[in-house]
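Residue numbers (our numbering), protein chains in the order written: chain S, 1 to 361; chain A, 1 to 406; chain Z, 1 to 289.
Just so you know, the hints here were simulated from the structure itself, not pulled from any lab data. There could be a bad hint or two in this list.
[Unchecked claim] Calculated Cβ distances over 12 Å to all of chain A for the following chain S residues:
# : residue
1 : Gly30
2 : Leu194
3 : Tyr321
[What the hints assert, rightly or not] Simulated restraints, written as ranges between beta carbons of each label pair:
#  : chain 1 : residue 1 : chain 2 : residue 2 : range
4  : A       : Lys201    : Z       : Pro123    : 44 to 52 Å
5  : A       : Pro200    : S       : Val106    : 38 to 46 Å
6  : A       : Lys170    : Z       : Val235    : 56 to 64 Å
7  : S       : Ile303    : Z       : Trp61     : 38 to 46 Å
8  : A       : Pro200    : S       : Ile303    : 52 to 60 Å
9  : A       : Lys256    : S       : Ile303    : 27 to 35 Å
10 : S       : Val106    : Z       : Val73     : 37 to 45 Å
11 : Z       : Gly62     : A       : Gln395    : 34 to 42 Å
12 : Z       : Asn88     : S       : Trp334    : 12 to 20 Å
13 : S       : Ala306    : Z       : Val81     : 16 to 24 Å
14 : Z       : Asn88     : S       : Ile220    : 18 to 26 Å
15 : A       : Ala298    : Z       : Gly62     : 32 to 40 Å
16 : A       : Arg166    : Z       : Val73     : 57 to 65 Å
[What the hints assert, rightly or not] In silico lysine-lysine, DSS-like type, Cα no more than 30 Å apart, as pairs:
#  : chain 1 : residue 1 : chain 2 : residue 2
17 : S       : Lys170    : A       : Lys98
18 : A       : Lys361    : A       : Lys58
19 : A       : Lys128    : S       : Lys170
20 : S       : Lys170    : A       : Lys352
By construction, the Cβ of each residue, glycine as well, lies at the ideal position given by its N, Cα and C atoms.
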Amino acid sequence: MEKSSAAIVPDTPSAERYGAMTVGTWRWIGTWRWIGTLALIAFAIALPFTLSNYHVFELTLVMIYAIAVLGLNILTGYNGQISLGHGGFFAAGAYTAAILMHRYGVPYWATLPPAGLICFVLGVLFGLPALRFDGPYLALVTLAMALATPQLLKYFDTWTGGQQGINLAKPMPPAGLGLDRDRWLYLIALVALLIAIRVAANMLNGRTGRAWVAIRDHPIAAAAMGIDTARYKTLAFGTSTLFTGVAGALSAIAIGYVSPESYSLFLSVSFLVGSAVGGIATIGGAIVGGFFIQFVPNLANDISDAAPWAIYGLAMLLCMYTMPHGVVGSIRSWLTRLAERTTVRHAAGGRSDQNDEGWTS
Amino acid sequence: MSRKQMTSAATAAASLLLAGGLAFAAGQYGPGASDAEIKLGNTMPYSGPASAYGAIGKAEVAYFNMINEQGGVNGRRINFITRDDGYSPPKTVELVRKMVEEDQVLALFNTLGTPPNTAIQAYANDNKVPQLFVATGADKWNDPKNHPWTIGWQPSYRIEARIYGRYILKNLPNAKIAVLYQNDDFGKDYLIGLREALGPKADTMIVATKTYETTDPTVDSQIVSLQGSGADTLLTAAVPKFAAQAIRKVFDIGWKPTHFLTNVSVSVGAVMKPAGPEKGVGFISAGYLKEPTDPQWANTPEYKEWLDWMKKYNSAGSLTDSNNVYGYSAAQTMVAVLKASGDNLTRENLMKQAAGIHDLKLPMLLPGIVISTSETDFAPIKQMQLMKFDGSTWQLFGEVISGSGS
Amino acid sequence: MHEFWQQVFSGLAAGSVYASVALALVMIYRSTDLVNFAQGEMAMFSTYIAWTLVNAGMPFWGAFAITLIVSFVGGMVIERVVIRPVENAPVLAAVVVTIGLLLIFNSVAGWIYTYTVQDFPSPFPDRPLFHALITTRDLGVIAVTLIMLVLLFLFFRFTSTGLAMRAAAQNPASARLCGIRVGRMLAIGWGLAAAIGATAGIMVAPVLFLDPNMMGGVLLYAFAGALLGGITSPVGAVVGGLIVGVTENLVGTYLIASQLKLTVALALIILVLVFRPNGLFGTAIVRRV
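Put together the whole structure using the sequences plus the hints.
Structure follows, in structure tokens:
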């Protein structure tokens, strides 16, 4: 029984299948998509003004985790390279921001690009040796990253403040906007998330994304076709860690404190879980993943005082049983099936009872 | 003046004396306090590598339950909200914000862990929320000038390590010391305190140090290494599980150093017995709470009171786990402060009362050890007493020692 | 020099614990193509079952035997009920399911047995040997691990069930055509792995002391050991586990910055894997285009 790591996502719709649908059906879905997206963004901007400070803070964390999970989706979902170490890159971004702010007085908004850049470089450096590995071996290599991070952070304590961590002042919103700190941070996180989604969508729907998917599904064929596998895989790693690093920087700013204890192995595992539950090879799934990571542990605590993590574990199990491709992955499959049905009906001359059993999705 | 006016004036004057200038009212309430209840917030690691300390939170819940059943504090029941932060600072920040902003607690009580408390210290002080009796032994909580809303409770680890250092200087002046410590602020504080006490001789006396992570399966390799350094004295700053492993390994390799053990791991039931009590003979530690397995307390009324409470309200807790004595005593301190606040349950007054404890004796504190604070002294417990393990209990010796401030 | 040998033997003792858990991991990987992240917690839970039995008065070996049987059955049940639904789902879904299982076992153990550290009796007497290089108990643990390895080898090589399991793992479709109940083979694989894990847990509890987080660190090293040896090879698992144990000890001793012990040990393992990406004894995965 032989399953390669590419089998992480066997049947996510890829370029060929999109092409096979009738233009009509997809356009119908496409228009609604645009309207829906704009409405959603408007809703997201208005939301913090209707909620209490604490809930705004929670949603800010959701968006930050969504960006981090999006990074993981790019690497593991679209490029098929599993990572159990993204918590380490999240920490790298957070500490970059913290050190820049604390030691060098860099204003908070200016720490995001350097955090992203440094994490990009780290990711590429990591991705190069990772080219040798596949499946569980790659999991181990990335796991090592997650385990080494707290140790390294504690060791280089002149820079990182060691186990004491670094305390950061919360950013003040610009005067005259009438916003308080929590809502200002929310809006920053929202803008960062929208930019991240846009950039990710552009890359994934373009040549780079197609190359990544090709490498994931048929690595040998892709190489035979002339795709520089090594370059694209390393690029995937770097891009992925860039996203997660920026998320880490945002988290340092939002929480106001970094310490080695904040970035344990459990964080890396949470990202992976959020990714899977949302839909590993989707963009929207990252947002679902962010919600899952942030809220389900708290809900689990409310349900059971005595064994909350058991409830969390159960929730994970149920999600995987009912939606093995994640929430968004399952919705997408359903929509695909819906579109295919419509295609069949049109092609068969309008008779709805024909040929449905021949199609599998 | 009429009689009524005179009474009012007198009461007003009295309350001015008591409350330091605050206007008198039937009940002055800050958020989370009312005629019926007082809300307190707490975070504990009920899961994750530090979960053994979760027993403290459970003990506190049990103690407040008992107080409530007995009528509460000044007629008000304590609503103790405790949540699991898994020892992760971001989670602590989130939970504390929820407790302060959504649940509207009056104060935070006995939040556990140095990184978690460091993470919320700025928030608590900025928002003027009392961060009372934090459950960590770091030195930095005794800082009323910069953090007037944060106050510690237990004697700091550095104080304890300094006590060991001074003992070594006096009784083992030619000792070669090895140190095993947990690679975090808890462990490191022991090394720092020891070095402070040894002063200029620190570098020559401390011949080897080794660390371990809580994710390490064993500390065997570190112990072997420390023995190889030729040391004849060992300080183990490790949590119970690893302390037990260290004791066992030291014995297995035939090493017999003078062994100093952190107070955190003196529990006979959780450490000495699993390791093998005969292996701990001669160990030295320092304590401030009565060890529940120590037979010298078994027939005292204070112990029996504790035992009754355990059986009735905290039956799931282990009778050999000193965390249950810790939680019991910390909760008693909180109740004392609440009582002293009377009907003036504002955050300011609560903090004031916490900073004004005079020689409070608690039943499970070692005899001679008291709790006291002042506006310039935010270290409620500063005294400890040395003790030596004789194979079945920790025998106290010497006098109660007062650790000097940081 | 004496210290060097002490560290080596200490490492072998710790390594045999990693080796036995690694063996269980390889067992599951070979039969279901999955890394079972819950292996450590399952072993821990089995150990608690044994502890409950011993505390109730049962003699050690009796409790051991019953725990093995209970674990075997439990492993089979878990495969059937928990893992079967995601067997044909994407690999990531199955990984998340095992992680969920890890959390469930850990949390339930903490709830039932609390997080206080417990005592666990050892079947082997605790006497130091060879100038305190190693104790009889450590030798016992190493011996049990090797015995398990040999038993597994004999099982796979010389029994028909073992042969059927190998067939089912290699080519389930063809195996079905030969009349092999593939589903049952998978379940047996998990049952065996659970039993191996239980043995590992019982062996190690007297040393590490029993608490719900006992196996957390062990699992990570076992995982590293299994991969170092080759995730498809039981011999590799044992060798890998032993190497990881010894390396970890020696690195901790001779590295100046001993606070980086874990980092350096992992770096060394990865270095080896760079030269042999399928582990020391593993077989390369051949993929058809």
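Satisfaction of the hinted span 18 to 26 Å by the C-beta atoms belonging to Z:Asn88 and S:Ile220: holds (24 Å)
If I claimed the Cβ atoms of A:Lys170 and Z:Val235 lie 56 to 64 Å apart, would that claim hold in this structure? holds (57 Å)
Outcome for the supplied range 34 to 42 Å, where the beta carbon pair is Z:Gly62 and A:Gln395: For Z:Gly62 and A:Gln395 the Cβ distance comes to about 40 Å; the hint holds.
Pairwise hint evaluation, A:Lys58 against A:Lys361, where the allowed Cα distance is 30 Å at most: holds (23 Å)
Could you let me know if the closest chain A CB is still more than 12 Å away from the CB of S:Leu194? Fine: 23 Å to the nearest Cβ keeps S:Leu194 off the interface.
Do the beta carbons of A:Lys201 and Z:Pro123 sit within 44 to 52 Å of each other? holds (47 Å)
For the range 57 to 65 Å, tell me whether the beta carbons of A:Arg166 and Z:Val73 fit it or not. holds (59 Å)
May I ask you to check that S:Tyr321 keeps its beta-carbon over 12 Å from the closest beta-carbon of chain A? Consistent with the label, S:Tyr321 stays out of reach of chain A, its closest Cβ about 24 Å off (over 12 Å).
Status of the given 27 to 35 Å range, CB of S:Ile303 versus CB of A:Lys256: violated (52 Å)
Are all beta-carbon distances from S:Gly30 to chain A longer than 12 Å? Non-interface label on S:Gly30 holds, nearest chain A Cβ at 38 Å vs cutoff 12 Å.
A:Lys128 and S:Lys170 were given as a pair; does the straight-line alpha-carbon distance stay at or below 30 Å? At roughly 16 Å apart (the allowed maximum being 30 Å), S:Lys170 and A:Lys128 satisfy the hint.
For the pair A:Pro200 and S:Ile303, does the Cβ-Cβ distance stay inside 52 to 60 Å? Since the Cβ atoms of A:Pro200 and S:Ile303 sit about 58 Å apart, the hinted range of 52 to 60 Å holds.
In summary, the numbered hints that this structure violates are 9, 10.
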